[in-house]
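Undergrad: Can you make the complete structure from the sequences, with help from the hints?
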Amino acid sequence: DSGVTQTPKHLITATGQRVTLRCSPRSGDLSVYWYQQSLDQGLQFLIQYYNGEERAKGNILERFSAQQFPDLHSELNLSSLELGDSALYFCASSVGTGGIYEQFFGPGTRLTVL
Amino acid sequence: AQTVTQSQPEMSVQEAETVTLSCTYDTSESDYYLFWYKQPPSRQMILVIRQEAYKQQNATENRFSVNFQKAAKSFSLKISDSQLGDAAMYFCAYRTPYYGGSQGNLIFGKGTKLSVKP
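Line by line, the protein sequences are chains A and B. Going by the working numbering, the first sequence opens with residue 1, and the numbers climb by one from there. Going by the working numbering, the second sequence opens with residue 1001, and the numbers climb by one from there.
Keep in mind the hints are simulated off the structure, nothing from the lab. Errors might be hidden in some of the hints.
Unchecked claim - Straight-line Cα separation of at most 30 Å, DSBU-like style, residue types lysine-lysine; simulated pairs: (1) K57(A) with K1117(B); (2) K1113(B) with K9(A); (3) K57(A) with K1113(B); (4) K57(A) with K1110(B).
TA: Dropping the structure here:
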């Protein structure tokens, strides 16, 4: 158990819908990273927050957005869902943003878009 | 842009034998971190080993060790005395420097699926 929690574990929805994925980082971790794992794209970085502020963006679609709340939990919002958005979404947390700080991964949310 | 390449989609090893997984990367940075992650069927991402680029000594964690060749931009993982529980997907990852819009996110290779035969 990494100490990072993600809910829900599984999510099945239809095209065009909107969903919210939730991540609670380890106690004391200020940085949250979101990653998407799909058969087509592999594991890719989406977006990062540090202490409530967006710090870096990767290959995140405009239909996707995220935020980090004062209690440091983070939510990833996916809208106008397409079949290709079906994937495993991970969040990871770390104490800081430097490379010396290990990223601890949550168990992931499996999203299926029908 | 940094890239990570794993040229072996699948590998197989006999239990108790040794196997080496390959990884190459491309970067113009001189300071960075490299990682191997294990993803078993449960899908949990588990850190196996980490290497800091400024350290010449190869990292070792029990049965896992790396061969880090900085000039060649190569970072292979050796698993000794393979066990059935080692069967998993293994991902090589590069961690971006902490500056210039990058905040230490990971860049992953496509992965190598390791099977362990009893």
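Undergrad: So which hints don't hold here, by number, going up?
TA: Violated hint (a single one): 1; every other hint is consistent with the structure.
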